[in-house]
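Produce the entire structure from the sequences given, and follow the hints as far as they go.
Line by line, the protein sequences give chains A and B.
Quick note: the first sequence uses this note's numbering, first residue 1, plus one each step.
Quick note: the second sequence uses this note's numbering, first residue 1, plus one each step.
Hints listed in this document are in silico derivations from the structure and should not be mistaken for laboratory results.
Errors might be hidden in some of the hints.
[Stated by the list, open to error] With the Cβ distance kept under 10 Å, some of the chain B side facing chain A (calculated, not the full set):
{"id": "1", "residue": "I4"}
{"id": "2", "residue": "L8"}
{"id": "3", "residue": "Q11"}
{"id": "4", "residue": "D14"}
{"id": "5", "residue": "A17"}
{"id": "6", "residue": "R106"}
{"id": "7", "residue": "R175"}
[To be verified] What the simulated footprint calls covered on chain B by chain A, stretch by stretch (three residues with Cβ under 8 Å from a Cβ of chain A suffice, anywhere in the stretch; the number is not a length):
{"id": "8", "segment": "18-24"}
{"id": "9", "segment": "27-33"}
{"id": "10", "segment": "77-85"}
Note that CB positions come from ideal geometry on N, CA and C, so glycine has one too.
Below are the chains, spelled out letter by letter.
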Amino acid sequence: MSVDLPPFQWLLDQHRDDVYRFLVATVGVQEADDCFQETFMAALRAYPRLGDASNLRSWLLTIAHRKAIDSARSRARQPMAVADVPDAAAPAASEVDERLWQAVRTLPDKQRGAVLLHYVSDLAHAQVARILECSEEAARRSAHEGIKKLRQEWQP
Amino acid sequence: MTDIETALRRQVPDEEAAARAAEVVIRRAAEAGLIDVAYAAVDTPFGRMLVAVTDRGLVRVTFPETPEEAVLVGLARHLSPRILRDARRTDAVRRELDEYFEGKRRRFSVAVDWSLVHGFHRRVLDHTVRIPFGQVSTYRDLAVQAGSPLASRAAGNALATNPIPLVVPCHRVLRTGGALGGYGGGLDRKRFLLQLEGAMTATLP
Numbered sequence: 001m002s003v004d005l006p007p008f009q010w011l012l013d014q015h016r017d018d019v020y021r022f023l024v025a026t027v028g029v030q031e032a033d034d035c036f037q038e039t040f041m042a043a044l045r046a047y048p049r050l051g052d053a054s055n056l057r058s059w060l061l062t063i064a065h066r067k068a069i070d071s072a073r074s075r076a077r078q079p080m081a082v083a084d085v086p087d088a089a090a091p092a093a094s095e096v097d098e099r100l101w102q103a104v105r106t107l108p109d110k111q112r113g114a115v116l117l118h119y120v121s122d123l124a125h126a127q128v129a130r131i132l133e134c135s136e137e138a139a140r141r142s143a144h145e146g147i148k149k150l151r152q153e154w155q156p
Numbered sequence: 001m002t003d004i005e006t007a008l009r010r011q012v013p014d015e016e017a018a019a020r021a022a023e024v025v026i027r028r029a030a031e032a033g034l035i036d037v038a039y040a041a042v043d044t045p046f047g048r049m050l051v052a053v054t055d056r057g058l059v060r061v062t063f064p065e066t067p068e069e070a071v072l073v074g075l076a077r078h079l080s081p082r083i084l085r086d087a088r089r090t091d092a093v094r095r096e097l098d099e100y101f102e103g104k105r106r107r108f109s110v111a112v113d114w115s116l117v118h119g120f121h122r123r124v125l126d127h128t129v130r131i132p133f134g135q136v137s138t139y140r141d142l143a144v145q146a147g148s149p150l151a152s153r154a155a156g157n158a159l160a161t162n163p164i165p166l167v168v169p170c171h172r173v174l175r176t177g178g179a180l181g182g183y184g185g186g187l188d189r190k191r192f193l194l195q196l197e198g199a200m201t202a203t204l205p
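In structure tokens form, the structure reads like this:
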């Protein structure tokens, strides 16, 4: 018995902001567009065979999470310009945030996923666990460790 | 809640960038042949109508009162859930409908996808699509042509549920004797279309 899947356009309409936000947080503005394309193209390819339509947002974020990891890996293999060091003068709020996001991007995959899916995408640890393919306890621990590490690197 | 948690949560989504990226997805999906059903709105004298096309042709046309949501859910269930709003794919149909309403087109050249019509209904609509611009037929004639002379009422049902009105011109079918009969889009529109085509003079009902 196949499930009734909503028209794919609705997934794009309803979840594009969430997926985009998650990707900007995970891979940065530069890479977010590419990852977004990869995510929705992969989703569209697989969509007719999807057996469960009960949590499409989570499904899309799962794909986005994997595409973000792929993107980070391929970028790591390419030479990259060294980012400018911010002035010692009091940084603007956006710069403060930018340093936070840079710190987020240095976290190991699992911690970064756990932190962003829970705090940016607002998923419960149990849902995060399904995306990261680990136990709920492990997802909670990864998020906790991730935040702890961020606190060492970043002050508001 | 720590300051870090607050900072993470306050990240604002860039809705414009997301909307632009979504449009690129549609373009790329079209290029990759991954859109099974493309749909778009068309502005007509009746209001905003919706048209849907597949690789085979025009599969659905709806009047403004039909809720878009229900139409799309039906298409997802009966054809494929790979449905996207793609104005480009529907350009040809939209242009022909514009020309038709401007009185500049007497025949539609777009292909028709009959996937949503079966059996007797299909036979009735097969004959309906051949009624020329400006001419009319009757429920009884169509029943005869479809191979069931006694099935005028069933022929009426086939026309009432025509998924591709205008292009499959069910408005050109009247009751024997010339009464208007029914129309899925309402009798005012049937009258409007027959007048547009010059098939109805002021003396007809």
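Outcome of the hint check:
1. Look at I4 (chain B): its Cβ gets to within about 5 Å of chain A, closer than 10 Å, so that hint holds up.
2. Interface hint at L8 (chain B): satisfied, since its Cβ lies 4 Å from the closest Cβ of chain A, which is below the 10 Å cut-off.
3. Because the beta carbon of Q11 (chain B) sits about 6 Å from the nearest beta carbon in chain A, less than 10 Å, this interface hint is met.
4. Given hint, D14 (chain B) at the interface with chain A, holds; its Cβ is 7 Å from that chain's nearest Cβ, closer than 10 Å.
5. Hint status for A17 (chain B) relative to chain A: holds, with the closest Cβ pair at about 6 Å, below 10 Å.
6. At its closest, the beta carbon of R106 (chain B) sits 33 Å from a beta carbon of chain A; the interface hint therefore is violated under the 10 Å criterion.
7. Of the supplied interface hints, the one on R175 (chain B) is violated, with its beta-carbon coming no nearer than about 38 Å to a beta-carbon of chain A, more than 10 Å.
8. Counting residues of the segment 18-24 of chain B whose CB lies closer than 8 Å to any CB of chain A gives 5, which reaches the minimum of 3, so the coverage claim holds.
9. Taking a C-beta to C-beta cut-off of 8 Å, the segment 27-33 of chain B contributes 3 residues in contact with chain A, enough for the three needed, and the coverage statement holds.
10. Counting residues of the segment 77-85 of chain B whose beta-carbon sits less than 8 Å from any beta-carbon of chain A gives 7, enough to reach three: the coverage restraint holds.
This entry does not satisfy hints 6 and 7, going by the numbered hints stated previously.
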